[in-house]
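Q: Chain by chain, the residues:
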Amino acid sequence: MATTEAQETTRAARIPDWQTVRDMAARLTTPLHPDDYLSLINPLWSARELRGRIERVTPETDDAATLVIKPGWGWSFDHEAGQYIGIGVEVDGRYHWRSYSLSSVPRRDKRTITITVRAMPEGFLSDHLVRGLEPGTIVRLAAPAGEFTLPDPPPAKTLFLVAGSGITPVMSMLRTLDRRDTMPDALVVYSSPTEDRMIFRDELRELHEKHPTLTVVQRFTDEEGMLDLATDLEKVCPDWRERGTWACGPAPMLDAAEELWAAAGLDKQLHLERFSLELGGDAEGGTITFANSGKRVEVDGATTLLEAGEQAGVGMPYGCRIGICHTCTLTMASGRIKDLRNGEEHQEPNEAVQTCITAACGDVTLNI
Amino acid sequence: MAISDVKEYTHLSEEQVEELGRELDAIREEIEQSRGAADAAYINRLITIQRRLAAAGRVTLFASRYKPAFFAGATMLGIAKILENMEIGHNVMHGQWDWMNDPEIHSSNWEWDTAQPAEQWKHSHNYVHHQFTNVLGHDNDIGYGVLRMAREQKWHPVNIGQPVYNALLALLFQWGVSLHDLDLEAIRKRRKDPKEMKRQLRQIGRKVRRQFAKDYVVYPLLSGPNAISTMKANALANLMRNVWSYTIIFCGHFPDGALHFTEEELEDETRAEWYLRQMLGSANFTGSKLLHIMSGNLGFQIEHHLFPDLPSNRYAEIAVKVRELCERYDIPYTTGPLHKQYGQVLRTIHKLALPNKMTSDDGPEPPSGFHRQRRLTDEERPVRRLETGTYIRRSA
Chain A
175 MATTEAQETT RAARIPDWQT VRDMAARLTT PLHPDDYLSL INPLWSAREL
225 RGRIERVTPE TDDAATLVIK PGWGWSFDHE AGQYIGIGVE VDGRYHWRSY
275 SLSSVPRRDK RTITITVRAM PEGFLSDHLV RGLEPGTIVR LAAPAGEFTL
325 PDPPPAKTLF LVAGSGITPV MSMLRTLDRR DTMPDALVVY SSPTEDRMIF
375 RDELRELHEK HPTLTVVQRF TDEEGMLDLA TDLEKVCPDW RERGTWACGP
425 APMLDAAEEL WAAAGLDKQL HLERFSLELG GDAEGGTITF ANSGKRVEVD
475 GATTLLEAGE QAGVGMPYGC RIGICHTCTL TMASGRIKDL RNGEEHQEPN
525 EAVQTCITAA CGDVTLNI
Chain B
12 MAISDVKEYT HLSEEQVEEL GRELDAIREE IEQSRGAADA AYINRLITIQ
62 RRLAAAGRVT LFASRYKPAF FAGATMLGIA KILENMEIGH NVMHGQWDWM
112 NDPEIHSSNW EWDTAQPAEQ WKHSHNYVHH QFTNVLGHDN DIGYGVLRMA
162 REQKWHPVNI GQPVYNALLA LLFQWGVSLH DLDLEAIRKR RKDPKEMKRQ
212 LRQIGRKVRR QFAKDYVVYP LLSGPNAIST MKANALANLM RNVWSYTIIF
262 CGHFPDGALH FTEEELEDET RAEWYLRQML GSANFTGSKL LHIMSGNLGF
312 QIEHHLFPDL PSNRYAEIAV KVRELCERYD IPYTTGPLHK QYGQVLRTIH
362 KLALPNKMTS DDGPEPPSGF HRQRRLTDEE RPVRRLETGT YIRRSA
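Which chain is which? The protein sequence lines are A and B, in order. The opening position of the first sequence corresponds to residue 175 in my numbering, with each subsequent residue numbered one higher. The opening position of the second sequence corresponds to residue 12 in my numbering, with each subsequent residue numbered one higher.
These are calculated hints, taken from the structure and not from any lab test. Just so it is clear, the structure is predicted and the values come from calculations on it, not from any experiment. A virtual CB, placed ideally from N, CA and C, is assigned to each residue, including glycine. Any given hint might turn out to be false.
Label pairs and their in silico Cβ distance ranges [claimed, not checked]: (1) A:296 with B:327: 50 to 60 Å; (2) A:296 with B:30: 50 to 60 Å; (3) A:541 with B:332: 25 to 35 Å; (4) B:39 with A:244: 39 to 49 Å.
Covered by chain B, according to a simulated footprint, are these stretches of chain A (three or more residues, beta-carbon under 8 Å) [to be verified]: (5) 210-217; (6) 276-286.
Every beta carbon over 10 Å from chain B, so not counted as near; a handful from chain A, in silico [said to hold, decoys possible]: (7) 231; (8) 356; (9) 385; (10) 493; (11) 523; (12) 524.
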């Protein structure tokens, strides 16, 4: 990251003071937080849960739009290009949470961040985000996360393998490379059903004109069919084995890439975005039983209860997938589980557990 | 007389009880399906009003040396505390608003403006009281370990002081509640796990320090020359909240008509029988919409006990249906104006200060005095029901 040492020191010096003020103010507002009162004046004046206000919704294509969000207190603006955020939107009284890659460049001076969303045919929330959000709407945010990032400086030769709205984290990376003027030999292989639906196509063309080392291979899958990595990659990118690769798109594409790179013994060079939290702490694993359907699945200690349920084909509720929103909370009838964020264990029968950040320690039964 | 079988008492057949259970399940289903924007707006609006009121009260009290400011400030603060404890805190901690997926209004992390830590409340209330409602020897809320509230509870000379204990409990309600989950009796008899006791005491200590410092140190100091009058006003606000919440809570299960049960009732109790016990063991009171909001909608105690985790703003409409069910199945539905209900409570407190043979009762004399030497531990209780609200034990 480009944070200079001077910046680090000023921030470090500022944060404890800020914390002291907050702690003192909390003496007045206990058991609530000062933010609970300040947010009555301005909804963005709360760092208790990260919040943001929708400033603009800019259409990118017929079915995709860029949301410009002004984050409230507590947002640090120091995300890395390629990371994603959680966004919680209230629809009919209920918060619905999803994760989206940031498309904006990490910089403090802008005071806004952007995500670019495509309205999925079956996704009522993405549709609401693209078409139903009024400027001024207050949304909840979850801090940037994800390991899908570029090192600085980037590898001399890179390949970006993207499809559909998978372009968004890569766009953030390309914009960052452009801003720092460190554009390497970069090839973007970008699939989209049609030209009209290709998000950021104009900006990509402009970037190519500005940086000749950046080339974009467009593939319109409605006419040309899907890119078959095993056969087509050699044609569009003969030197893919020499490139550091970042891939983002639908799961089948990522699975195929993973297979191809593994077969070539190059899995270290491949970076994938699957929107999952990097959780520390290992539980022991065990057999998870889903009481209503009677389904069972055996998992290791790194697999969350949510992932286990999805593997077993149980319709698990989920939201932010990073332990914030409680949408995924289920009742654990019996068993012992570990919170992968902090290693805390829970074993009370009939305890409510957040499935997205917990894993089994032995056999577990969930009431779903 | 305590009831050992709800079916037998209500003269309902097993099929009728199960049918009643299905009808109540259908009411729950209907409310769950229709929860939406209007309900979310209700709780958000109420929280906003409560916080504004609290802030206005605190600011007004900076001028507490002037009588109008003193009383206006104390009243605003008192009402804010009542709203927070009753309609907001109690109901949020039951999980009534968890469906909104809003981490700021969620049973797992709500902490309320009273001395008892939320976690201990969720154990003693959501689990022990709501699941074992009015079962002698199981529900520690029958008299809160301080008062003798059922004729089946064995009389002891110490009960003669009940009128005094009752008055003290009303005045110091928040402190009484804060010790409720500790089980002082077990501590005295050295039956309590010392590790668990230390953990609970640490939690209480931390909460009490912060609550006490806020009302009796920090705000008085901020009032400068008005420190003493601000302290008095804050004490008055706490007193208002204590007496009011005591009154409402005592009208939930102690008026005439709210029945007690023996532990035989718990054996193989079905969900429908649990419903029936909740209906027989709870008492409503009537009043205006404002009264219901100020009392956390606990005037719909019967509906609250049937559906502890459904949003409180819907209890009024649920009550219409529950009442109709009660008429159809010929089940008593206890209700009356607040003053009448509390009058009955007061009478019972005074009557039961004396041994049974010195006072009259509408029902026949209970066969034998009920007296368990101690509270039950969680391990000795039947497994937990899910609809009464969660209880998550934190390690800290």
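Q: May I ask which of the numbered hints given earlier this structure violates, with the numbers listed in increasing order?
A: Hints 1, 2, 6, 10, 11, 12 contradicted; others consistent.
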